[in-house]
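Participant: Listed here are the chains, written in short residue letters.
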Amino acid sequence: MNQGALAVEGLSKRFGAAAVLDNLDLAIGAGSFFALLGASGSGKTTLLRLIAGFEAPDEGRITLDGADLSGVPPYERPINLVFQSYALFPHMTVADNVAFGLRRDGLSGTELDRRVAEMLALLRLDGLGERKSRQISGGQAQRVALARALAKRPKLLLLDEPLAALDRGLREHMRIELKRLHDALGTTFVLVTHDQEEALALADRVALLDRGRLAQLGTPEDLYERPASLAVARFIGQINLMEGRVAATGETLTIEVPGLGAVQARSAPLSVGAAVVVGLRPEKIDLGPGDNAREATVTDVTYLGDQSVYRLALADGVELRTARPNRDGPVARPGERVTVSWPASASQVFPAGAG
Amino acid sequence: MSSRSLRLLALGLGFAFLYGPILWVVAFSFNEGRLVTLWSGFSTRWYGELADNERLLDAAGLSLVVAMISASLATMLGALAGFALSRLGRFRGRGLLAGALGAVLTLPEVILGLALLLAFVSVDSWLDGPGRGAWTIVVAHTTLGMAYVTLVVRARLADFDRSLEEAALDLGATPPQVFLRVTLPLILPALGGGWLIAFMLSLDDVVLASFVAGPGATTLPMVVFSSARLGLNPQINALATIMVGIGAFAVLVAVWLFGRQERRR
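Here the protein sequences come in this chain order: C and F. 16 is the number of the first residue of the first sequence in this note's numbering; add one for each residue after it. 32 is the number of the first residue of the second sequence in this note's numbering; add one for each residue after it.
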């Protein structure tokens, strides 16, 4: 069952003068749940269309389980796609939509009926088979699109922003559903999304694309805790940024931040005097004494129900944001003086000016 | 006067303006007497006489045949032109094709009829050819109908969701299968609507037909027009009533087809 390993080698695609994909290399393991994450214009949709076979690359190639896909038309690739708009055939019933790909494979009669019923059951669509595809809800349409794409038992399933059109409650439900399907089928899932939360929550490996290049490839935790660049750190989650200069190296870096003085940060291969940006995730800041303790004034509190977000003014115009769960309501009021601190290991240091 | 009764009056006047003359024709097709301005009692005798009028019936038959053939040809050619204009991107002669089809829509029918007549006459003299007849009417009506069908098909393809075709490709359908199983069924209402428009255009055209028809090929509108000049005949009223019925039916079918297409989206 270990099929569906995709390799992208030196892939480039230009539209006019603009390079949408620039010499991209990527390996997607068989059976993994892989996310292609990027802002609009990052090239993720172009990569999806190249994998599906709707576009041809200018350079490089894509292989699936070692077989070169160059020149193979979409209808001969063992890859299926769940479209963002679902693209259900409006003139067909739900069952005919699911059967469409199977009929192209020459299936008919009881074997076809059995496979369609199997897919409808897998996606919990029993009893909806005879409905016209425009008579079902958005959540159901999503599941029909999944059933249709999975019916042909592809080696690799592409999902184009699968949860973008669903409302919040349904999205949570579909996430669990997608994980369940992935575990049950063992098919390689490739998720294409601009929503980092979706990528982090679903995928076991995430590739962050930035202007046609690979910005970072790793586990969700790698991207959040150990971003490869300032650009990655900014794209994934919230982060406080402070500019400074390396004052001393060693087990931790000592960084001189204007207004704050010397700050201890996680070690990085940088030399003394280098201009750097210190990144600090909001949830890693403590309100109370500890390492890197500083005095601050609460300037604003945003109440979000489960948590509150605090905006803190430190000396010399440095501003930090932190979030605290509302276990007993907000822990500080605007105008209050508080002590903030954070362990050196909580901060990330990037060379300034890069990204 | 209250604004409500004012509105009703305006509505009544509007409808009277639009449909009064037609209702008049329908009513007098059931008139006993020969005079078309004096009511002398209910009768269906003109329908009976119409049924015996060989000349009118032959013309009606020819009109129907010409309308069916030219509407079908116009639908095929118009669909091809619509696809070419909205799907093939920029190709050599694209502007010329779009412009030529637009010209057919905007040119006065008299000019179009004259141009077609000149074309037929020259072809005739070069080939020492077939002469004019019903086929020249078919060609003329196909030209006009095709321009309308192209318009309808282009409009339908402009808001056609291309991802449906990509989904079919992705699921293993070859390009010809994609066309037959996805594209064609989805644009079928537009093709049906286009066919109906071309059919109705052909059925009531008198200008083009008068220019290009050969001897002996006389369509129904040509007969109606020429007999109306010789004096009004109650048989024509009966014929007009039947045509209004057919036209109303066609419009209802067209509305139903387009309505179905709307709901699908």
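Worth double-checking, as some hints may not be accurate.
[Said to hold, decoys possible] Sample of chain C residues with no beta-carbon within 10 Å of chain F, all distances over it, derived: (1) D37; (2) P89; (3) E91; (4) N95; (5) L103; (6) P105; (7) H106; (8) G116; (9) D120; (10) L137; (11) K167; (12) Q211; (13) P284; (14) D331; (15) E351; (16) A359.
[Stated by the list, open to error] Quick list of in silico lysine to aspartate or glutamate cross-link-like pairs, DMTMM-like style, CA-CA up to 25 Å: (17) C:K170 <-> C:D83; (18) C:K170 <-> F:D190; (19) C:K147 <-> F:E196; (20) C:K147 <-> C:E176; (21) C:K299 <-> C:E271; (22) C:K170 <-> C:E240; (23) C:K147 <-> F:E197; (24) C:K147 <-> F:D192; (25) C:K194 <-> C:E258; (26) C:K170 <-> C:D321; (27) C:K170 <-> C:E133; (28) C:K147 <-> F:D190; (29) C:K147 <-> C:D80; (30) C:K170 <-> C:E145; (31) C:K170 <-> C:D182; (32) C:K299 <-> C:E192; (33) C:K170 <-> F:E196; (34) C:K147 <-> C:D210.
Hint data in this document are derived by calculation from the structure and do not stem from the laboratory. All C-beta atoms, glycine included, are put in the ideal place defined by N, C-alpha and C.
Participant: If you test the structure against every hint from before, which numbers come out violated?
Facilitator: Of the numbered hints given earlier, those the structure breaks are 2, 3, 4, 5, 6, 7, 8, 9, 11, 18, 22, 25, 26, 29, 30, 31, 32 and 34, listed in rising order.
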